[in-house]
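Chemist: Taken in order, these protein sequences are the chains called X and E. Going by our numbering, the letters in the first sequence line up with residues -6 to 118, in that order. Going by our numbering, the letters in the second sequence line up with residues 14 to 144, in that order.
Worth flagging that the hints you see were computed from the coordinates, not collected in a lab. Some hints here could point you the wrong way.
[To be verified] Label-pair restraints from in silico Cβ distances: (1) E:D21 - X:I(-5): 43 to 53 Å; (2) X:T4 - E:D109: 28 to 38 Å; (3) E:A97 - X:F29: 27 to 37 Å.
For every residue, glycine included, the Cβ atom is placed at its ideal position computed from N, Cα and C.
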Amino acid sequence: MIEQLQEVSMTVSQENINTYAELTDDFNPLHVDPAFAAATPMGNTIAHGTLSLNLIWQALARTFDSSLLNSLDLDIRFLKPLYAGGTITAGGQRNPDDPKQYDVWIKDQQGSSLISGHVRLARTK
Amino acid sequence: MTDVLTYDSFTPGTELGDWQEPVDAGLIATWDSLFGASEQDQPARQTGLCIALMMRAFLKVVTPRPPGNIHARQLMTIENLPQAGDSVHSKIRCIDKQIKRGRRYLDLEVTGYDANQRPLYVGRMSLIWAQ
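Could you build the full structure based on these sequences and the hints that come with them?
Modeler: Okay, structure coming up:
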């Protein structure tokens, strides 16, 4: 039984955010327009929440047999924004009450949770 | 010009529209340029592309949107992963709306199928709608 997911980290630049905007077609100025974002309560551009989510997929893919990602349930909350230039780490730990479920998270360099939730792998052995 | 979709525009239980597009080489190359192209990460890429396709369908169909919406929560069920070249058909509907602590919460569901009607994903987004 695997207890912890292999952690995956990334420093997310404004260029990365712009590329993710192309991938999702999401050009919300809060993500891609520093001047617009500076005038909002955020104060600076932030990454799309689903950009960070890809690191959880990578953590799962690097931990388990590849076929396990064919069938899963994810439930996560976006707790705090990731500002351009920030470094994040994805990881997770098996839920002691459910062997198929992993509590997953994205944390920043200070250890604050930006994303938190769980993934249930339907075919975990 | 079409009026911006406000919170009052949405009715739970109604279909909002659908969108179809392939998992093409451009999307795959873009994902790889961000997250790498290692063999080990290929399942992560396919899962990540499900989310990207969900967002693309939402943004194509639910438009024009007010600026400043916030993505608060995401549920995603993966039933099968799309392969390169697959055409993915996504349907979007509003499943719930409510005002909590003065914020306008909107729950939208995007369901994706391949060309053979094989289910791929069901994504549920909770959004805090700006207007």
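Chemist: For each hint given before, does the structure comply? Return the numbers of the non-compliant ones in rising order.
Modeler: none
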